[in-house]
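Chemist: Chain residues, written in single-letter form:
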Amino acid sequence: MLMSPLMLFFLSICLPFGLGFLVVFWPIGIRDRRRLAWPSLILAAIGSMVAIGWAFYFWYHPSNTGTIIFSGLQPGMGLPALQWELSVDSLASLFLLLIGSGSLVVSIYSFSYLGLVPTGARKSEKDAHGIAAAYNLFVGAMLLVIVANNVFSLLVCLEVMSLAFGYLVLFRHNKGRDMGKEHWVPGDRRARKLAIQAYLISSHVSLVLFTAALLIRGGQIGNLSFDAFRHFRITADPLTFWLAFVGLAIRAGVVPFHIWVPLAHPSSPTNTHALSLGVAIKVPIYLMILVFFSLLGPIAGWWGPVVLLFGALTAVVGIFYAMASRDLKTALSYSSVENVGIILVSIGLALTLASTDLRSMPGMLGLAGLALVAGLFQVVNHSVFKGLLYLSTGAIERLAGTVEYRWLGGLFKHFPWTASAFLIGAIAIAGFPPMNGFISEWLILQSLFASLNAFAIPGLVLSACTILIATALLALTFGLTAFAFVKMAGLTILGEPRKNLVRTQREMPWFVRLIFIVLSGICLMFGILPWPILALLSQVTQSLGMPALALQGQGNAITVSSRAMVGGAVYTSLLSNGWLWLLTIAFVVLTVSVVLQQRTKRKASLKTPLPAWTSGIPYDSTHMQATDAYFGYQIDVLLRQDREDSSLQRASENVPVIPKGVPISDHYQVMEFFQQWYNSGLASFQRFATWITLKIQNGRIRIYVAYTVITTVGLLTAWIVWGGR
Amino acid sequence: MEMIAILLNLVVFLLVAPLAVGLLGRTKARFQLRHGPSLLQQYRDMENLWAKHSPDLSIPSAVFAIAPYMALFCYILAGALIPVVFINDSGNVGSTFPGLPGGDLVLLMYLLGLATFAIALGGMDSGASFGHMGSSRSMFVHVIVEPGLILSIAALALYWNTTDPVSIVTQMQTLGLVGVLTHPSLLLIAFSLIILILAEAGRLPFDNPATHLELTMSEHAVGIEYGGRHWAALKSAEMLKMLFLLTLLIDLFVPGFVTPLQTTLGLASLAVIAYLIKLCIAILLLAVWESLRGQLRLRAAIRPALLAVGLALCSIVLTFTSHIFLGGR
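Which chain is which? The protein sequence lines are A and B, in order.
Start counting the first sequence at 1; every next residue gets the next number (the working numbering).
Start counting the second sequence at 1; every next residue gets the next number (the working numbering).
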């Protein structure tokens with residue numbers, strides 16, 4: 001039998017990642033099981049490289065129809081066989097490339113993070129082999145989710161991915177248990193237990209809803225293969241859309257379903273945190289693009305605005321709590337939630353423009369392509385700069401021993417590599433030129449402006465209103481992002497250390513620094529030379545039926561032009577990247593000259609450097625620098641009239657089911673409205689359940705006899721009516 | 001040709017900046033029945049400060065030293081991106097100097113943001129209370145300004161079908177010298193932008209540049225640890241920022257006499273003189289406003305910012321209505 005490329009792909013993904021998972025169970029001849037993490041991580045790196053290679057292959061040879069790899073048993077009469085069917089189009093190969101390169105970087109980084117390569121005085125992580133095994137399973141399943149082409153294989157891979165990540169979420173729990181009594185704070189223990197509980201519950205609720213949506217759709221079509229879904233040209237009913245949207249939204253962390261993200265992800269080790277929130281959170285986004293644009297039939301007009309509004313809300317809420325949280329990992333998790341929101345805004349815009357009512361109007365499909373290109377560029381960019389931020393956070397955690405703002409500060413002088421990496425990531429994610437975040441934010445804003453111009457006709461006033469709301473919320477988001485990252489960078493790497501750093505600690509090993517350089521370089525490259533990657537992304541949208549006609553690029557400028565509705569006018573805007581080049585050159589020259597000057601000055605200076613001005617009181621780095629609670633205070637105050645309001649609570653007062661808010665200091669926390677809603681919802685459900693139980697089981701024998709009689713009579717009736725053929 | 005126009009614009013922009021600040025200071029002094037410093041005092045201050053060495057501080061890292069220069073460069077770049085006196089883009093992209101001409105309002109907004117971001121990081125790096133307080137406050141103002149700014153740009157984009165300042169200037173010139181007065185949508189955007197520019201430039205009622213009382217100031221608190229040449233860079237950046245914002249306002253709403261460079265010498269000098277006159281009027285109005293107004297509490301500053309958002313939204317609604325019912329602007 002000649003092997004098809006997809007069969008080969010399947011085997012070449014399963015083999016390294018499967019072996020990488022199994023190798024840690026090696027039974028004999030191992031004294032220190034942690035050493036098994038070595039082959040496991042090497043296999044993960046090999047598997048990632050294979051995935052990158054396949055991504056390039058499939059880019060040029062996409063298989064647009066599914067191939068059945070093997071066929072399983074038939075579960076029952078009339079039910080379809082459980083087949084394993086794969087297909088790859090150019091969108092899928094883009095995501096394969098993203099996941100492959102993300103996991104390659106993380107696998108290499110893990111040698112340092114898990115302490116396999118000795119760095120400074122650190123010992124290797126106790127559960128290094130377990131983490132490596134779960135990581136292998138996670139990445140392998142994630143790659144297979146992307147290529148799955150029927151309901152069964154998709155659901156199996158999603159479930160494996162969830163469970164593998166579930167093991168990683170246990171990391172802090174296990175670590176706290178191993179570190180002994182002094183680290184085993186009761187409140188903290190609850191949080192650790194809550195992480196895994198919240199994760200498992202939310203991922204399974206999401207799986208149930210998503211499965212229901214796919215099965216309803218499959219039942220209407222009579223086939224569970226996505227090829228049949230694609231050819232079924234009837235719009236799905238609202239229930240299916242909502243089930244699919246909510247199911248995927250929970251997994252992507254869309255507000256108000258995001259509460260598990262900041263609980264679960266900070267509990268996982270930081271190296272896989274980079275993968276799970278930098279790359280894996282894009283998997284539900286990939287599924288959304290797949291499901292809404294091709295699996296649910298022609299696009300209904302109201303889907304786009306729904307996704308758009310949820311996205312805008314997610315962006316604002318996410319970045320607000322990122323600003324309010326008190327440690328780097330939680331803040332970055334919330335910031336990922338925000339970026340999911342930004343991406344959803346552009347997906348929602350593309351859905352609106354490509355819906356059945358609008359797609360026939362001139363220029364609308366071209367604009368939809370532009371919006372989707374902007375969204376996909378944000379997907380790519382977010383993976384790069386968020387990866388950089390998470391990996392440098394992991395380095396900070398290793399070097400300084402903590403990620404809480406109140407113990408950090410002043411890392412720039414001691415660990416310039418790590419700190420510069422974090423700073424570059426912060427500039428990129430805050431969307432400032434000349435970094436890549438700026439280009440994608442520019443494209444998203446321009447696509448919003450252009451569609452606002454295109455919607456100036458009577459029938460589209462409502463869509464124009466949603467776009468206006470989304471623009472306003474996104475604007476607020478962009479402002480808050482800058483604020484949040486000044487806070488993060490300022491409190492962790494600038495100023496004076498709030499705690500004495502271990503002076504003997506050395507910088508991260510050379511390969512980690514190389515990773516930092518490569519990722520920062522990509523941030524800058526995509527910023528000053530965006531056109532090549534934008535051209536690739538517009539090929540992707542073209543394969544989805546939305547050529548990005550509104551976007552043109554010369555070598556030195558990007559032009560957005562589309563037809564406005566009124567009087568045949570053309571909306572045009574242009575971004576020439578010569579200015580970004582100038583900005584880059586200025587920045588490099590400045591940095592080099594300042595660093596050189598400081599070095600020569602330090603050598604030559606006879607005087608001691610001046611201390612900070614403190615009115616004559618001895619300098620105290622913990623009390624004379626801003627705390628995290630202070631820094632966000634201004635914005636916190638805006639949401640309340642006075643400080644005694646209920647939104648700021650004593651953190652230790654009562655113990656809710658889910659913690660109600662984000663702690664901003666030892667005593668205070670900012671209320672998460674959504675978590676409060678879930679809490680009150682759960683509490684009232686519990687009250688209702690108790691009440692109804694007491695009504696049913698009220699202890700009277702007569703009632704119980706009546707239940708028996710009713711059940712018997714009911715069953716007999718049912719049998720007589722339906723069963724007695 | 002574009003390159004020469006950009007360079008000439010920059011020369012005018014850089015030369016006028018200290019004069020503008022001097023004029024503002026002197027006018028305000030006159031309102032307080034003082035004589036005030038000479039108009040040329042800012043030039044002397046600059047000469048003095050740029051010649052000094054900056055002190056060697058024990059806490060800050062390299063970020064502290066890079067920040068003010070980065071901000072300064074951002075404002076110079078912003079000045080090069082708008083048609084100050086001459087139109088700096090002949091319309092055909094990248095004809096002579098690849099990739100340079102053609103500014104964009106969104107890019108300008110992000111350049112201003114980058115400057116604020118850099119200075120705020122510098123303030124955080126000083127490791128002292130005032131720097132941190134000032135960073136928090138100036139970033140807070142940045143946050144509340146951002147929605148209004150982007151909505152105003154959206155309103156301009158809806159009205160002019162572009163976000164390119166040069167194209168807006170040339171289209172605006174067809175409306176006549178005071179065309180803004182007869183176009184209500186534009187007038188609303190102008191009011192919205194005036195409020196936002198006051199906030200962004202750190203003027204009253206958002207921030208009082210005249211006080212040096214640490215509890216009330218935000219912009220000056222960020223740079224309190226700077227000295228010598230660093231302080232000179234920071235101060236120049238501040239001057240350029242104010243001039244840039246006023247020039248942007250002039251360009252977007254009363255751009256009469258801004259010409260392409262291919263005109264006669266007489267028209268060119270007329271352009272310079274007209275720019276100076278417009279600038280003087282703007283500065284006088286600003287001085288009158290600042291003499292009449294007190295400072296708002298920082299958290300109350302959200303109200304004018306919300307007003308700006310509201311004005312921009314009103315303008316968008318107005319443009320929409322006229323598009324739908326009148327079929328044009």
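Keep in mind that the hints are not guaranteed to be accurate.
Taking lysine-lysine and the PhoX-like style, the derived pairs with C-alpha atoms no more than 25 Å apart in a straight line are [stated by the list, open to error]:
| hint | chain 1 | residue 1 | chain 2 | residue 2 |
| --- | --- | --- | --- | --- |
| 1 | B | K52 | A | K603 |
| 2 | A | K193 | A | K175 |
| 3 | B | K278 | A | K601 |
| 4 | A | K126 | A | K175 |
Just so you know, these hints were derived from the structure itself, not from any lab.
Chemist: Hint by hint, note whether the structure agrees.
Modeler: Here is what the structure says about each hint:
1. Among the hinted pairs, K52/B with K603/A is consistent with the structure: their alpha-carbon atoms are about 20 Å apart, no more than 25 Å.
2. Distance check on the hinted pair: K193/A and K175/A sit about 12 Å apart at the alpha-carbon level, within 25 Å; holds.
3. A distance of roughly 46 Å separates the Cα atoms of K278/B and K601/A; the hinted pair therefore is violated under the 25 Å criterion.
4. As the CA atoms of K126/A and K175/A are separated by approximately 8 Å, the hinted pair is consistent with the 25 Å bound.
Hint compliance for this structure: hint 3 alone is broken.
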